[in-house]
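Engineer: Chain by chain, the residues:
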Amino acid sequence: MDILGETAKELYRALDNKEIQTGLKRSISNLSISVDRVLNVWPYLEELASKVREIKEETLNNLDYYIDLTMRNVKRSHGHPYFARNREEALKILDEIIGDDSPLLIVKAKSMVTEEVGIREHLISLGHSVYETDLGELLIQISRDKPMHAIAPAIHIPKEGAIELLRRLGLNVREGMNIEEIVMEVRSFLRRKFVDADIGISGANVVAADTGSIILISNEGNIRNTTSLPPVHIAVTGVEKIMPTLSDAFMQALVQAGYAGLYPPTYLSIIAGPSSTADIEYHRVYGVHGPKEFHMILYDGGRLSAIKDPFLSEQLLCIRCGRCQAECPVWGLTGNIWGGNVYGGPMGIVWTAIVENISLASALSLFCLVCGRCMEVCPMKIDMPHIIRNLKSRLNL
Amino acid sequence: MPLPIKDVIRMIIENTRKSGAPIPLPPEIATGWADGMDIPRGGETVIYTGLLYQLLPYLNASIKKLESLEENAVGATLLKLGKIISKVIDINKLISSVSRDELEKQYDVLRSIAIMLRNADIEYGYLYEDEMYSGVLLFDMGLDDFFKEHIEKVYSVLRKNRVKRIITIDPHTTHVMRTVYPKYLPEYDIEVKNYLEILSSKGLNGGMKSGVEGVIHDPCYYARFQNIIDEPRQLLNAAGVTVLEPPLKTRKLTFCCGGPIESISPKLSRNIAEMRLDELKNINRRIIVLCPICYSNFSRVADRNLVIEDISRLLVKAFGE
Ligand code: SF4
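As given, the protein sequences belong to chains A and B, one line each in that order.
Everything in the first sequence is counted per this note's numbering, starting at 1 for the first residue and increasing by one.
Everything in the second sequence is counted per this note's numbering, starting at 1 for the first residue and increasing by one.
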């Protein structure tokens, strides 16, 4: 069957799947109410959002310059910067960093770019033990589903489903446990992994070119543990995440957290290079309580050519807050099943065109209502209806 | 089983190219609403129906047919056998399956609008059988080449009739003819006004409270793309209708009725309509719609105790005398 027929079938399966429907319904209205509340209580976020858009436009126009600047400043802060054009290059760099050691224990923070590259699967195939440490993403890892939402990947899995999945991983969770008890079990399970891990892998919510820093947003606290307990920290992130300065980057992080309905974010980690001390005789030693090594892989994966596409380029302004997904009528019934391998929903159709392939994105686009709600709620005001309609026009009839 | 979507799209293209509309509409059906209305033929300013209201009962019948093909076993087998959609759906049968009643309901909307415009002292004519479908479905589906080919014809008919201004009556035709045409036809110089904008600028006042209340469902294209949000509310208030608002999903944040993908995926479209109606019906059993597509998609899934009503039918009670 053709790609369009397959897409339609998948969507119909989602519509008929009770578990997905219940999960989506329960989570979406909560998500949309919390964003609305955040924007009412902290109205300055809207102002920041329009500033962020302006700065990002300017940055994307000079992205080569900012990639170079970021690389130089990562080096200056004693980190190791890399640039990967595609998946193969990214995995090769990763293999070189990790070396041929015996099987390692690796903890991971949730990151869509690492999904794009397929890092977890790759490392597991090499015999390493890899654990996602974001609870939602851990459920996705066990279920082998694709993440359903940029911020809340397991939005479609109700409590009963979560218990069953965690049991498969050997956790001591039982039917009838309340959600608090389940979370406690996960905490103690992952706590040991954090302490024993050889490597921590994260993405980055934003990158600051002038300092070579990354900013990571988290509420669970897993990101701090992932990025500071293991001796090696590897951050993998898309080049479009670069902002010119640390203060610009900070602004973007606040906007992303706010439009994801998670404001104030419980933790914002700003990381520039490995941990170090010069407290004895002013002699600099790397690797104190935090990692000894910090690596940053800047990933292209289709982004740089998308900059040249008159339609797709606007999507590179996206800060992945996921709000367009939660507010989209079609996504509300299908989740990321209406999407490519990694990204779904309005933003996801366009991201699929950028990082996967245009024909899949075109097939997905046909199910878009072009109702414009995504653009209305998007902090970056990305004209997704316009881009998606263009993707429809690229369908081969 | 999902429809063979490409066949559906090809059928829409074929029909529009051959007959000017996604479903070939006999001219007497397209213009029947104006019988006895004494609207002058042509003129610099014309009411422009874009045929959407008239097409509605037929679109509805075809969606029902598509839906049954999706759902029942025979339909699924036919689809599997690869029978192309246009062979499975007999257009002539489809047209004769629509009852006079259903058509009259849409005519009532058109007549209400025409009467209110006349009462507000707006001078306008009508192109009768010369009036063409706007091509909006081709645009929505991203069929740019066919869309351009179609709207060139529309524009040349408008020019041949020396039309300078059109009064549109639905959100899709308004959007496409006001905002989209100029992007494809740089020379396009037709002024487009929507009837709600015109009526609301007249400061009409129907006086008394009518005692009627209903929940308003903003169509996406009015609210988000044409910024027609206050006008319908102001007119309904002036007509004495109490307007109730859905929480959060209203005005610019209105929620789609699912209509735009009804021919690509009737099932998904229906699910979206149900989701939206669930919310609206908890506020009031009268749902005020401003768009024929919303009307049709909601009517397809609504229980009997709900009243889906076009705004013009409420306004005409106050401004139609
Ligand atoms: S497109 Fe806009 S709303 Fe959607 S994830 Fe990106 S920034 Fe957020």
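Treat the hints as calculated values from the structure; they're not laboratory data.
Ideal placement from N, C-alpha and C gives every residue a C-beta, glycine not left out.
You may find that some hints are simply not true.
Stated by the list, open to error - Computed spacing ranges between beta-carbons, pair by pair:
(1) A:Ser-29 - B:Arg-313: 30 to 38 Å
(2) B:Glu-149 - A:Ser-305: 25 to 33 Å
(3) B:Pro-247 - A:Ser-305: 25 to 33 Å
(4) B:Asp-144 - A:Ser-305: 37 to 45 Å
(5) B:Arg-313 - A:Gly-176: 19 to 27 Å
Engineer: Are the hints correct? Go through all of them and say.
Structural biologist: Okay, the hints, checked on the actual structure:
1. For A:Ser-29 and B:Arg-313, the Cβ-Cβ distance of about 32 Å falls inside the hinted range of 30 to 38 Å, so the restraint holds.
2. Restraint check, B:Glu-149 to A:Ser-305: a C-beta distance of roughly 31 Å satisfies the suggested window 25 to 33 Å.
3. Our hint of 25 to 33 Å for B:Pro-247 and A:Ser-305 is violated, since their Cβ atoms are close to 43 Å apart.
4. Take B:Asp-144 and A:Ser-305: their Cβ atoms lie about 23 Å apart, and the range 37 to 45 Å is violated.
5. Between B:Arg-313 and A:Gly-176 the C-beta distance comes to about 54 Å, which lies outside the given range of 19 to 27 Å.
In this structure, the hints that do not hold are numbers 3, 4, 5, in rising order.
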